[in-house]
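Trainee: Protein chains in written order, with our numbering: chain A, 1 to 247; chain B, 1 to 247; chain C, 1 to 247.
Treat the hints as calculated values from the structure; they're not laboratory data.
A portion of the hints provided could be inaccurate.
So the derived list for chain B, only partly shown, Cβ under 8 Å to chain A, looks like this [what the hints assert, rightly or not]:
hint : residue
1    : G6
2    : K9
3    : Q13
4    : N69
5    : I76
6    : R79
7    : S82
8    : P104
9    : K107
10   : R108
11   : R111
12   : P113
13   : I115
14   : D116
15   : V119
16   : R175
Backbone N, C-alpha and C define an ideal beta-carbon position, used for all residues, glycine too.
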Amino acid sequence: MKLVIGDAKQFKQSIEAVVNLVDEGLFEVNENGLHLRAMDPSQIAMVDYLMPKAVFKEFEAEQATLGLNLVDFLKILGRTRSDEQLILTTEEKEAKCVLEFISPNGKRNIRLPLIDLNVSAPREPKIPFDTTIKMRGGTLKEMLKDAGLLSSHVTITADADKFIIEAKGDSGDLRIENNKNAPNLAELTSNASCRAMFPFEYLDNMTKSCPDDSIIEFQLKTNAPVKISFTVGQAKLSYYLAPRVEN
Amino acid sequence: MKLVIGDAKQFKQSIEAVVNLVDEGLFEVNENGLHLRAMDPSQIAMVDYLMPKAVFKEFEAEQATLGLNLVDFLKILGRTRSDEQLILTTEEKEAKCVLEFISPNGKRNIRLPLIDLNVSAPREPKIPFDTTIKMRGGTLKEMLKDAGLLSSHVTITADADKFIIEAKGDSGDLRIENNKNAPNLAELTSNASCRAMFPFEYLDNMTKSCPDDSIIEFQLKTNAPVKISFTVGQAKLSYYLAPRVEN
Amino acid sequence: MKLVIGDAKQFKQSIEAVVNLVDEGLFEVNENGLHLRAMDPSQIAMVDYLMPKAVFKEFEAEQATLGLNLVDFLKILGRTRSDEQLILTTEEKEAKCVLEFISPNGKRNIRLPLIDLNVSAPREPKIPFDTTIKMRGGTLKEMLKDAGLLSSHVTITADADKFIIEAKGDSGDLRIENNKNAPNLAELTSNASCRAMFPFEYLDNMTKSCPDDSIIEFQLKTNAPVKISFTVGQAKLSYYLAPRVEN
């Protein structure tokens with residue numbers, strides 16, 4: 001296996017979006033690109049990551065898997081200097097993943113242990129969503145921060161006309177109403193009104209790697225998991241998060 | 001009651017100057033504007049806050065009081081986006097204070113519980129001060145930081161010619177002498193020489209919200225409370241702080 | 001004794017480079033300037049500091065010594081405003097070192113206790129180094145940060161052709177190879193190949209005050225102490241660090 005990544009900084013940002021949910025994971029290298037799908041340890045959330053094959057400067061791989069401690073992987077990626085190329089290979093015998101950073105100044109090799117993860121990738125849920133909301137990542141993250149000040153849970157309500165975020169806590173209640181035509185909503189389409197409640201901390205972790213200027217998509221159905229999707233550079237990220245059923 | 005605040009960010013900064021001393025407080029809304037006067041929990045310091053009526057874009061109020069957890073109030077004000085207007089109203093029946101942030105992008109409602117504070121506003125002390133010192137807030141805050149490195153108490157001495165800040169501690173002693181004509185003193189007038197010692201932490205809390213470029217006023221009398229005054233935006237702030245009598 | 005320092009901010013930066021290794025120390029004021037040489041508490045590292053006489057605006061001193069708590073000294077120096085001159089004197093009777101900061105705005109006096117340090121300055125080791133490496137401080141500090149992510153120890157290998165940094169730890173291994181002609185190496189001269197291992201934390205403390213754009217010099221010999229030298233402003237700093245002998 002040999003993967004050549006032209007922009008190591010952007011690759012790092014996309015991996016961060018995975019590490020926000022899971023600490024270790026099994027990448028699959030196949031004809032689609034570099035793919036990972038994993039449940040978080042509490043089993044209420046899932047992340048799906050794909051860096052498409054076309055993004056890589058070189059992509060030589062038989063079917064392969066890479067089990068990695070993602071926290072360590074991210075720490076190393078975080079040490080990228082600007083304008084470095086990154087080559088990912090494996091040393092099968094020694095069970096190592098080799099990161100080689102190359103710049104005109106020289107090269108650095110870091111070898112991380114491949115770890116044995118006895119998990120098969122979870123299936124992607126098939127949910128007949130009723131509502132799709134699209135807006136700038138920065139706008140949504142600000143609304144969630146408001147909610148997080150007041151409660152550990154956030155309720156999202158939507159119909160064809162508006163999209164509402166609510167949070168209720170001991171120190172106060174919040175209600176943010178976004179009308180269909182509000183300039184901060186890129187799109188709101190809905191077949192049926194939806195309402196579901198989610199843990200704030202997960203929503204925060206799942207959205208924080210979305211660049212402020214990128215479009216984030218929420219797909220909703222009453223008391224069903226929410227699907228959250230966006231891109232980081234050229235990597236595609238989707239998350240599912242189970243609702244908390246309200247009393 | 002309905003108060004419309006044009007610049008929610010500046011309002012937030014003025015409330016911060018109150019929260020530096022007290023965690024909860026009772027605002028009075030009357031013909032002067034929005035007013036609060038409170039002792040700090042240790043009863044050695046007092047803050048007096050007034051946002052004059054003329055500052056508000058709209059000011060509809062019978063005599064009213066608003067008891068609030070100021071820490072929560074400040075947290076919510078801290079979430080202001082730029083160019084937002086803030087409307088403060090009350091829901092008497094449910095004992096809530098409602099903050100409505102309005103911008104072209106939509107509106108956000110936060111309802112905070114009104115709390116029952118069985119306190120009457122303390123009287124403002126009448127002290128025949130001997131000395132008045134005025135200087136830039138930034139200049140004074142730098143001098144206090146010097147003193148705070150060495151001691152938990154700061155001694156201020158002044159007469160018609162000079163104004164001296166001293167601090168004595170185990171790791172060293174500090175003396176800062178400011179002559180009447182020093183370019184960093186905006187004004188020094190004194191009928192009688194004064195000397196008093198104050199806890200550093202209180203002086204620090206009482207001055208830190210003064211913008212660096214605003215004029216801060218100290219009024220002194222030997223072994224009497226100091227009065228510290230400045231404005232934050234258009235809000236008027238005064239503090240009194242009891243001296244610690246030196247041995 | 002009277003030492004007048006024109007640029008108190010730069011003086012502060014040079015003292016910081018000493019405090020990274022030792023908490024208290026004995027300065028000697030002699031015909032060379034202001035000099036300090038001290039072992040760190042663990043006795044595996046030494047720092048040698050010289051601010052040459054010519055740097056001072058005024059330098060009146062018989063042979064004198066100044067024993068100081070360097071942490072407190074640095075805290076006070078850290079309070080320098082821009083464009084302040086610093087005058088260092090002593091009050092022998094009261095065993096104080098007096099720092100007087102002078103600017104057009106006035107003056108501040110801080111008196112620090114002189115402390116009695118019953119130590120004689122250690123001798124500078126005489127080591128017949130085999131290899132000298134010079135590069136930008138920023139470049140070297142980045143390489144050390146990479147190593148510090150993976151291990152508490154860093155191995156440095158060098159010969160006439162290349163200079164290698166290695167670190168091995170549970171979460172991964174690092175190898176950075178710098179060829180003689182790499183643009184980030186200012187100089188590499190070597191009579192004999194060298195290899196030695198050092199504790200990361202010490203290397204980090206010894207190099208972190210080197211400005212990114214200054215040249216840092218490493219002198220090496222197999223399993224001998226490394227000598228690290230650079231300048232901070234006009235102060236000359238050298239450090240020695242004992243190797244850890246590899247198993």
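Trainee: Does each hint fit the structure? Answer for all of them.
Mentor: Against the structure, the hints:
no. : hint : result
1   : G6   : 21 Å, violated
2   : K9   : 15 Å, violated
3   : Q13  : 18 Å, violated
4   : N69  : 7 Å, holds
5   : I76  : 7 Å, holds
6   : R79  : 5 Å, holds
7   : S82  : 11 Å, violated
8   : P104 : 6 Å, holds
9   : K107 : 6 Å, holds
10  : R108 : 5 Å, holds
11  : R111 : 5 Å, holds
12  : P113 : 7 Å, holds
13  : I115 : 11 Å, violated
14  : D116 : 16 Å, violated
15  : V119 : 21 Å, violated
16  : R175 : 45 Å, violated
This entry does not satisfy hints 1, 2, 3, 7, 13, 14, 15, 16, going by the numbered hints stated previously.
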